[in-house]
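Those protein sequences? They're chains D, E, C, U and R, same order as listed. Position 60 of the first sequence, counted from 1, bears residue number 60 in our numbering, the numbering being contiguous throughout. Position 120 of the second sequence, counted from 1, bears residue number 120 in our numbering, the numbering being contiguous throughout. Position 8 of the third sequence, counted from 1, bears residue number 8 in our numbering, the numbering being contiguous throughout. Position 148 of the fourth sequence, counted from 1, bears residue number 148 in our numbering, the numbering being contiguous throughout. Position 90 of the fifth sequence, counted from 1, bears residue number 90 in our numbering, the numbering being contiguous throughout.
Misleading hints may appear alongside valid ones.
Said to hold, decoys possible - Label pairs and their in silico Cβ distance ranges:
(1) E:A114 - U:W72: 49 to 55 Å
(2) U:R104 - D:E32: 27 to 33 Å
(3) R:D52 - C:G259: 48 to 54 Å
Said to hold, decoys possible - A few chain C positions that, by computed beta-carbon distances, are all more than 12 Å from chain R:
(4) L151
(5) E164
(6) P171
(7) D180
(8) Y246
(9) N250
(10) A253
(11) A271
(12) L274
(13) I281
(14) E284
(15) D291
In case anyone wonders, no lab produced these hints; they're calculated from the structure. The C-beta atom is built at its ideal place from N, Cα and C for all residues, glycine as well.
Read off the chains here:
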Amino acid sequence: MEDTSPILSVEHLRKSFGPKKVLQDVTFTAAEGEFVCIVGPSGAGKTTLLRCLARLASADDGRVVLAGRPVERPPAEMAVVFQDYSRSLMPWMRVESNVELPLLRSRLTRGERAERVQQALIDVGLPDAGRLYPWQMSGGMQQRVAIARALAYRPSVLVMDEPFASVDAQTRADLEDLTLRLRDRLGVTIVLVTHDIDEAVYLSDKVIVLSGSPATVTAAIPVPLGSEREQVATKAQPEFLRLRAEIHGMIMRSNTASRSVA
Amino acid sequence: MEDTSPILSVEHLRKSFGPKKVLQDVTFTAAEGEFVCIVGPSGAGKTTLLRCLARLASADDGRVVLAGRPVERPPAEMAVVFQDYSRSLMPWMRVESNVELPLLRSRLTRGERAERVQQALIDVGLPDAGRLYPWQMSGGMQQRVAIARALAYRPSVLVMDEPFASVDAQTRADLEDLTLRLRDRLGVTIVLVTHDIDEAVYLSDKVIVLSGSPATVTAAIPVPLGSEREQVATKAQPEFLRLRAEIHGMIMRSNTASRSVA
Amino acid sequence: VAIGAAVLTGCGSSADASGSPAETVAVSVGVTPIANAATVYLAEELGYFADENLDVTPTIIQAAAAAIPSLQNDELQFALVSAVPTITAASKGLPIRVVASNDRYNPDPEAVDGAALVASATSGVTSPSELAGATIAVVGLKSAPELALRLALRGAGVDPESVEVVEIPYPDMVSALTSDRVDAAIVADPFLSQAKAAGLPVVSQPFLDALHGEAGTTWVASERFLQAHPDAGQAFVRAITKAVAYAAANPDAVRDIMGSYTEISPEARAAAVLPYFDSTIDGEDLQFFADALVTEEFIDSAYDASGLLWTLDR
Amino acid sequence: MSAVQAEERPPGALAAGALRLALPRTLPKLAFVAAAVAAWQLWAGAGNLGAVPTPVEVTVALVGIVADGSVWSPLGVTLSAWAISFVIASAMGLVVGFVLGASRLAYRLSVFVLDFCRTIPALGLVPLVVLMFGARMQSTIVLAVFGAVWAVLLQTIYGVRDVDPVARDAFRSSLARRRDVVIRLVLPSAAPYIATGLRLAAAVCLLLTLSAQIVIPSPGIGQQIVLTQLGGAIPKMYAYIVLSGVVGVAINAAFVALERIVLHWHPAHRKAIR
Amino acid sequence: MMKRRAADFGMGLILPLLLIALWWVTSTAADSFYFPPLPHVLDVFADLWVFDLVPVHVFPSLAAIGLGLGISIVLGVALGVLLGLSRFVSDMVSPVLQFLRYLPAVALLPLAIQLIGIGLEMRVLIIVLGAIWPILLNTMDGVRGIHPAVGDVARSTRLDGPTWIFRIVLPAASPQIFTGIRASLAVAVVLMVASELLGSSRGMGYFILESQRQFSIPEMWSGMILLGIIGYLLNVIFGRVEHHVLAWHRLSRS
Ligand SMILES: Nc1ncnc2c1ncn2[C@@H]1O[C@H](COP(=O)(O)OP(=O)(O)OP(=O)(O)O)[C@@H](O)[C@H]1O
Ligand SMILES: Nc1ncnc2c1ncn2[C@@H]1O[C@H](COP(=O)(O)OP(=O)(O)OP(=O)(O)O)[C@@H](O)[C@H]1O
Ligand SMILES: [Mg+2]
Ligand SMILES: [Mg+2]
């Protein structure tokens, strides 16, 4: 997949908050249907990078090119799952309305929308939650609703910020496989931030390792594990273990370089 | 440690939200200095359980006994780290004030408080973040501030709800070891909710497995890995691997029993 | 409510230093800043109050409704109020008394008045008899202008019930007339000259038509004050009587002194029609209004005004 | 900056940058004020506004009362009556609002009376107030307080109830003293509401101070409006009216500036938007 | 649920009953012209308001308040959203807006009389000119205070304008908007009274002020009591609406 021309390319992004440099010359690409995971220390600038990618913040310099056109506004073919899921759900809307939100702009009929919403809720394991309000749900359930919102939209680029951080191991594995199938079935390009290196290797075609303060791309590591992945078998492959150790080492080095934890 | 008399005992807790039963007869104990991890599917009722434990919510039935006395109000010797960390930090306070919050009631001088705050921030790897506001930080940094607040307080019981969900692998390992050292050094009793089974086994003296809807204790599994743990060596022990597989199996069974993920 | 009652029953007083004529008595006097109030300023300037050992402070009041409570709580000792609200208040049982008259409506119905009924340009009204069904603005409802209007309408053969009387402040009357929001209005100086300048037709002079020779503004005080300080009351009446006579005789002095307490320009003062100053008053003057108020349904039941006047010998 | 149009400003050059940033901020304001005044001049000049004089006439009158010094005493009285009533109304509203917002019992006990009293028009109380306090500053203050206290009270009640439950839990579990809960949790969470309440109360206080000074009348700008009105000095009357508007704008500007500082953490005022 | 409602209601009655008792006793004891005995006031109240004068004085006032408040809500919320969303516009118009806001109503009367006369329209205008501010300010502040995360969601889901306004901005600001409306309710009543001062011969405000000017003090008190009752009822109706609309807010914060 590495040789297809990139559908998404991030070029020399730079961004500061006041005097604090957060992104420094971040560059990477994603080919169509590619699964890219971004890993890096906490506070490195991953969320900031995603926000620039989705044009929710503007970079000080550099640009994002999507399907050949520079991104000037939040692009229609992109869906975003936010790290702060509890705040990304509207407390005055029931779960079904929250999930339906991005569909309102589409040409779907009411019935089609309801169907898509229900399907997305089934996909994330919440088939009966449609009539609840977000604040009636547990943290993990809220996070899954946020994922369902992105799934229901069926974007061509899916950007997710630590989407599985608060769900249990089993659900997490299910959601990982769901995401992989989604990519296979619909050819969605996925950019996902995670702190779980196993998850990053298991899911990706390419892992981008960010170093912190200010963030630069330390390495873009291709993951040649084939397109068929399976929770137990894949994670037992020697290649998987090698990659995992390699990335772990990288993060540890960039981590200790930039700060110290007692 | 199993034979010491329990400092904390949760007895027959029961709680519903309207018609929905969430906790059904939850019972477990923690001995002084014991590290108890709670695992269970998303939406099972772990957060609800912790809130009852800390008396932030009242159970419909049953009681919590701490050091021999039934808990009637949020107990002074307990500190809580919330799952929804971003909302548990006050946006109008700088990080240092947020961390200082529980110390205000203590008899410490201003200088001692500042020192404790700084030490806690160093412990969580944020030595320079004191003057920032929470909304100027990344998600993982906010989560660590929330942890720092609990650490600075030096409680005798520490209750944590998925405290390491949003931090990178390296920081997570560091924080895990920090928590273990804390327990060893100060004899703190720790109740921690996590979705990471490796983490649960690595940290605990006992793992409580909750089943969902409504939550009951499926099993309370002692973890006889000794009190010395080490990220690489401990996780390579056969006993570790066995426990991990056992718990995984349990959760998967209770999971698939209660709901289906596509 | 409880506080109010306490203040009422324990009313302190600021004015009564003593009743003895040898000592100076401080009194506050409520006046509206119009030409009629010139007497009190003249009395002050000419030393009539000082002669009577009175230390008088004029205080601006807006309307009788606000001044009369001030008499009750001793914040004011005297107020210059037109006969209509005075009798209305007295008829409701408020313990107030009229001590002296300040002026009358000009006894000559053909004289030029400082207030007139002015019609809007497009109404085509030229006489009061054409006003049936009209909307007419006055400066205050259930006050002297409305009474004069109703009496004048009756005199012209129009049923007052058929017109709608509305309240509009003087400065806004001209614009209400020119924009046809009302059909007519009772406008007073200095706005009357503005209305004339704007070409609005003067229909009649309702005060002189209906009330010529009747009592205009009167000096009132609270019964309690007069009982406690009869000497001060008499001293005030003597001083103000002299001032009224002086004002009647010296119109230029009146025009001059108006500059000290009003915002009226010198030109307007020079052109102003002055009140007909007259200090005489008797029970019949008051009874006239009492009866008129009943017939015009300003008050519900007949009122005997004979006891209202506080005379020197009582 | 609005949530939708959140756009971080580039760091920009320092001093020159600040000037360049300040100018575009004030320029539209000035332009809009100028346009409004021009519209007034054209309209009133053409005689379409009835008794309302043109801004030129009003300015001349305003300069007149400033030049002869007659403006200062009424202005001073009005401002002090405003300030006193505002302080009293805010203090009362805050304290009572806190109690009623925090205690369901207190709220239930008093809600009838509050809802009843709230709709009693302040101006209807004029005769009673005059009876009790006379035509003095006290009366205007009482009326202004009576009218303005509700804004602060209501906003405080709502604000106190709007504390984020997770934040409240965090406080409860850290066993904060009641004082700390009030000062560090409830007050800041309610602060955006209270700020709005205070701004409203400031306006209501000024309006009621002026209205009371007109209706009673008691000394101050309001009484000057009555005097000039009765004397037919209409441009002067409008000069005083414009003056009260200008005082209002100044008061409001002070509040906005203060709010920017006190509520800097609030999403509405954050410098760097996430 | 029902029981709790009844208990609330009962508790709410304690203080009013106490105050009424206090009023009864003190006013009967104190022989004051301005504070007539409560029994007398109540007699007058029964005479006047059950129900002779209701159509004459109550209906016109309610019409003015209803219209005035309705227009204030629509305009206040619309302008508040506009100003809340656009710093540029709100910065630009704020001096003029604040100036207008601080003008005493008397100053606007000539203009109002000139432009729309002295009828119901003028009263409605006066009410709107005063009652719009609490709503506008609260809406503006509510909109500005929307959490940035909500804005992020809206932009990334590319909501169209109406959806963004009606489904996100308004609900998010609704707690603030409702406090504003509640404050406006009181202002509207005050201004109803003030507006009936001029060019009117009907309405509650007219009745109270006229009674006062006519020194019909028991009548004035009876009018104030009626106004209080009407105000209370308006509040109750409004409270029901709010309870319903803001259910999510109340429950999510409990
Ligand atoms: N305020 C509420 N009203 C109604 N139901 C609620 C409320 N809060 C929680 N619940 C329900 O209680 C159940 C348990 O929630 P809880 O937050 O305790 O789960 P959890 O085990 O912490 O899950 P997670 O791992 O996802 O955080 C959920 O099914 C949730 O829907
Ligand atoms: N509004 C802001 N003002 C100032 N600094 C900010 C702001 N938002 C983020 N930062 C800083 O930018 C840096 C990057 O933040 P970001 O949220 O992108 O990190 P991240 O990689 O997503 O971390 P995490 O894994 O913990 O979520 C952090 O050091 C943070 O302090
Ligand atoms: Mg992040
Ligand atoms: Mg939870």
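Beyond 12 Å from every Cβ of chain R: is that where the Cβ of Y246 of chain C lies? Non-interface label stands for Y246 of chain C: nearest chain R Cβ at 33 Å, farther than 12 Å.
Separation of A253 of chain C from chain R, once the least beta-carbon distance is taken, above 12 Å: holds, 33 Å
Quick check for students: does the CB of N250 of chain C sit more than 12 Å from each CB in chain R? Per Cβ check, N250 of chain C is outside 12 Å of chain R; nearest 35 Å; holds.
Could you check that no beta carbon of chain R comes within 12 Å of the beta carbon of A271 of chain C? holds, 24 Å
Is it true that the C-beta distance of A114 of chain E to W72 of chain U lies inside 49 to 55 Å, as the hint says? Holds: the Cβ-Cβ distance is about 51 Å, inside 49 to 55 Å.
If I claimed the Cβ atoms of D52 of chain R and G259 of chain C lie 48 to 54 Å apart, would that claim hold in this structure? 51 Å Cβ-Cβ, so the 48 to 54 Å window holds.
Are all beta-carbon distances from L274 of chain C to chain R longer than 12 Å? The assertion about L274 of chain C holds, with a minimum of 27 Å to chain R.
Separation of E284 of chain C from chain R, once the least beta-carbon distance is taken, above 12 Å: Holds, since 23 Å exceeds 12 Å.
Classify the label on E164 of chain C as holds or violated, using whether its beta-carbon is more than 12 Å from each beta-carbon of chain R. violated, 7 Å
Any Cβ of chain R at or closer than 12 Å to D291 of chain C, or is the non-interface label fine? holds, 17 Å
With d taken as the least Cβ-Cβ distance between P171 of chain C and chain R, does d exceed 12 Å? violated, 7 Å
Verify the CB-CB distance for R104 of chain U and E32 of chain D against the hinted window 27 to 33 Å. violated, 58 Å
Checked against the numbered hints listed earlier, the structure breaks hints 2, 5, 6 and 7; every other hint is satisfied.
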